[in-house]
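Trainee: As a plain string of letters, each chain reads:
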Amino acid sequence: MRRWIKFVGLAFTSLTGLACLIIVAMLAIILGNIAVHGWPRLSWEFITGQPRAGMTAGGIFPAIFGTAALVLLMTLAVVPLGVAAAIYLHEYAWQGSKLVHVVRLALANLAGVPAIVFGLFGLGFFIKFVGAGMDRAFFGGALAFGQPCILWAALTLAVLTLPTVVVATEEALRAVPRSYREVAYAAGATRWQVVRYVVLPQSVSGILTGTILAVSRGAGEVAPIMFTGAAYYLPYLPVKLNDQFMELGYHIYVLTTQSPDVEATKPILYATVFVLLVLTFALNLTAVLIRSRIRRRLRAA
Amino acid sequence: MDRPGDELLLKGRRRIVETLLETAVRSSAVLVIAALVLIFVFVAKEALPLLTSGDVHKEVTPWTMLRQQQDGEFVWQPVSEKPKYSLPPLLVGTLKVSVVALLIAIPLAILAAIFTSEFAPQQLRELVKPVVELLAGIPSVVIGFFALMVVATWLQDAFGFIFRLNAITAGIGLSLAVIPIVFTVAEDALSAVPQTFRDGSLALGANRWQTAWRVVLPAATPGVFAACVLGFGRAVGETMIVLMASGNAAVMSFDPRESFRSFSATIAAELGEVVYGSPHYHVLFFIGAFLFVITFLLNLAGHWYVGRLRARLEGKLKA
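Chains as they are written, first to last, in this note's numbering: chain H, 1 to 301; chain G, 302 to 620.
The hints are simulated quantities; they were obtained by calculation from the structure and are not laboratory data. Heads up, the beta-carbon is just placed ideally off N, CA and C, and yes, glycines get one too. Each hint should be verified, as a subset may be incorrect.
[What the hints assert, rightly or not] Derived DEER-like restraints, expressed as beta-carbon distance ranges:
(1) G/Q378 x H/P80: 44 to 50 angstroms
(2) G/L321 x H/L18: 29 to 35 angstroms
(3) H/K98 x G/G573: 38 to 44 angstroms
[Stated by the list, open to error] From the structure, some residues in chain G lie toward chain H, with a derived Cβ separation under 8 angstroms:
(4) A413
(5) V432
(6) V433
(7) P440
(8) L449
(9) P519
(10) P523
(11) G538
(12) M545
(13) V552
(14) E571
(15) V576
(16) F586
Take the sequences, apply the hints, and build the full model.
Mentor: Here you go:
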């Protein structure tokens with residue numbers, strides 16, 4: 001009997017360990033496969049060149065540039081807003097208030113809205129409502145902002161990544177010891193002075209983590225930008241806010257599903273996936289490392 | 302940290318600045334709520350003509366979307382001489398792929414969560430969690446690409462599927478997107494079980510797996526259930542993986558070895574070419590609003606269960 005219990009216990013423990021191993025192996029297989037096939041095709045020309053021959057040859061520079069511009073615009077919108085919301089939740093609001101409860105509920109639900117619904121929202125709200133309204137008001141009805149463009153795609157992604165920034169910022173605010181605030185208040189600081197000179201400087205790394213995670217998420221999402229600004233192919237780079245743009249993730253989708261010759265595009269496709277993966281992976285790794293440092297501090301506090 | 306009305310103690314410019322800043326900070330929090338409301342309002346607004354507009358009703362009504370077409374079949378064929386909009390094939394496709402994904406993801410993620418919270422030494426735990434976070438960070442278009450180019454080929458070579466892209470291929474891809482969320486929520490729930498539960502069980506002579514299986518897991522049940530519900534929500538809403546690896550054939554078939562088409566993939570595949578304001582356009586927004594409501598309810602349910610877990614563990618602590 002005792003031996004049997006011991007055996008079952010060992011089997012059960014190994015089973016849970018195996019599940020863990022399988023998950024790690026899945027990640028390793030994806031990364032390995034893409035690195036092995038993507039690396040050989042990668043070159044300086046590929047990263048800095050234009051697509052050629054119906055996107056079966058050449059480089060992906062417009063897609064990299066478009067992704068960078070998109071994510072930059074998104075960051076400009078989401079970081080101030082997300083940090084301010086987190087400051088309200090953690091520094092200003094009374095924790096039992098109804099507003100705090102509803103904001104937290106909204107954050108949790110916002111994080112669960114499917115990416116494709118954000119795409120519909122971007123089209124229905126930003127393009128057809130805000131954009132078309134701006135055209136009527138400022139451009140005499142001429143088509144300027146009532147069409148898919150980089151501004152609307154970036155703002156759609158900003159709404160999508162808002163929960164990421166708020167949650168990461170709040171975690172960082174929580175890691176600032178309460179005594180720091182009390183000292184500042186005791187010295188006669190106002191609430192904003194406490195936030196500005198004590199809390200925020202202490203939570204820069206957490207805000208940075210949130211920003212990095214948001215950027216990585218934004219750089220990888222395709223569904224929300226399909227109808228709000230991304231283009232199959234453009235001979236020019238986006239320089240105005242109402243230009244369309246090429247994007248890495250969307251480029252991958254287009255090459256994978258709409259290519260006339262899958263075998264011919266395969267090497268380029270793998271290399272493009274590799275670039276996107278390295279980009280998001282490097283960002284995520286940085287965020288994970290910074291965050292584990294914050295968590296260690298949180299435990300110490 | 303709440304000291305209501307403390308700007309009343311200030312004077313002049315300082316007081317104005319403090320009040321303005323507090324208003325700004327509060328309005329950004331309100332904007333979070335506004336964002337969620339606006340998403341629903343504007344998606345529902347474009348879906349509404351399906352219920353109210355006579356012009357749209359000449360082509361499609363909510364009632365005809367649920368029933369068979371005139372030839373007695375469920376057909377989704379919005380772009381044809383006589384457009385046909387039957388939702389059941391899409392519903393079956395969505396459920397089919399979600400079930401496959403959850404059958405893979407839930408056991409793996411929950412077992413891994415048990416391992417991480419109950420058996421793994423501290424250092425290993427510090428390693429597994431970031432690995433899962435990195436898995437969560439892989440863009441879904443990359444997983445879709447991988448499922449389409451690599452997994453599909455492997456599976457076809459191994460099992461000789463007639464349809465290269467099917468619910469099993471897409472389900473495996475989808476499970477990669479579901480595992481991180483199930484793992485994270487389940488692991489949080491298991492770790493929230495107080496150490497005293499384990500100590501008591503071990504002191505009574507139970508060994509570690511008995512403690513994990515019969516004490517910790519039952520105590521964390523609401524949280525583990527929440528993990529499954531949130532995982533289901535993720536599976537239903539995920540777009541790019543399903544769009545790329547499903548084959549996109551709107552067939553009414555429960556066989557996971559056949560191609561299919563999901564709600565989310567339908568929107569992604571068709572909205573690009575649709576005429577603005579046409580019945581088809583409104584139908585796609587209607588599907589979007591439906592997805593929003595479903596995932597919203599699943600999320601609420603998930604968070605309700607997490608709340609219950611917390612109440613339950615705290616209640617037991619007091620007793």
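Trainee: Which hints from the list above does the structure break, by number from lowest to highest?
Mentor: Violated hints: 2, 9, 10, 13, 14, 15; rest satisfied.
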